[in-house]
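S.K.: Sequence:
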Amino acid sequence: MAQITHLFAARNILPNPVQQQMLNSHVRAMALRSLTGEALPEVEADLFEDISAESMALAQQVVDLFGNLPKEEAWLLSVHFEVAKENE
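Under UniProt numbering, the first residue of the sequence shown is numbered 1, with each subsequent residue one higher.
Just so you know, these hints were derived from the structure itself, not from any lab. None of these values were measured; they are calculated from a predicted model. Backbone N, C-alpha and C fix where the C-beta goes; we use that ideal spot for every residue, glycine too. Please note: incorrect hints may appear among the correct ones.
Unchecked claim - Here are the computed distance ranges between Cβ atoms for each label pair:
1. Glu54 - Asn16: 26 to 34 Å
2. Asn12 - Thr36: 32 to 40 Å
3. Met22 - Gln61: 15 to 23 Å
4. Leu65 - Ala39: 27 to 35 Å
5. Arg28 - Gln60: 30 to 38 Å
6. Val43 - Leu65: 18 to 26 Å
7. Ala53 - Leu14: 19 to 27 Å
8. His6 - Ser52: 17 to 25 Å
Please model the complete structure; the sequences and the hints are all you need to start from.
M.R.: This is how it looks when you write it as structure tokens:
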């Protein structure tokens, strides 16, 4: 979570408390999937076409920290970043 906090701070992204709690929960679930190898249900890429390239890139940076998660994890995580950016 410290890495995400740093990424947010560097881009002046300030999630509200509810957004932060949801993000924390999602990242914990990602960490568990990284350890257990549990797969996500099928996710369609076109559901995320309105997510900005910046949010998608930030999410991919976080997913890359785990080293063994599929790109779909970044798609889902990017939604948290996109929503938090709206607080600016």
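S.K.: Taking the hints in turn, state whether each one holds.
M.R.: Hints versus structure:
1. Glu54 - Asn16: 26 to 34 Å: Given range 26 to 34 Å: violated, Cβ gap about 19 Å.
2. Asn12 - Thr36: 32 to 40 Å: 35 Å, holds
3. Met22 - Gln61: 15 to 23 Å: Taking Cβ atoms as reference, Met22 and Gln61 lie about 19 Å apart, which means the hint holds.
4. Leu65 - Ala39: 27 to 35 Å: 19 Å, violated
5. Arg28 - Gln60: 30 to 38 Å: The hinted range 30 to 38 Å is violated for Arg28 and Gln60, with Cβ atoms some 19 Å apart.
6. Val43 - Leu65: 18 to 26 Å: 20 Å, holds
7. Ala53 - Leu14: 19 to 27 Å: 20 Å, holds
8. His6 - Ser52: 17 to 25 Å: Since the Cβ atoms of His6 and Ser52 sit about 19 Å apart, the hinted range of 17 to 25 Å holds.
In summary, the numbered hints that this structure violates are 1, 4 and 5.
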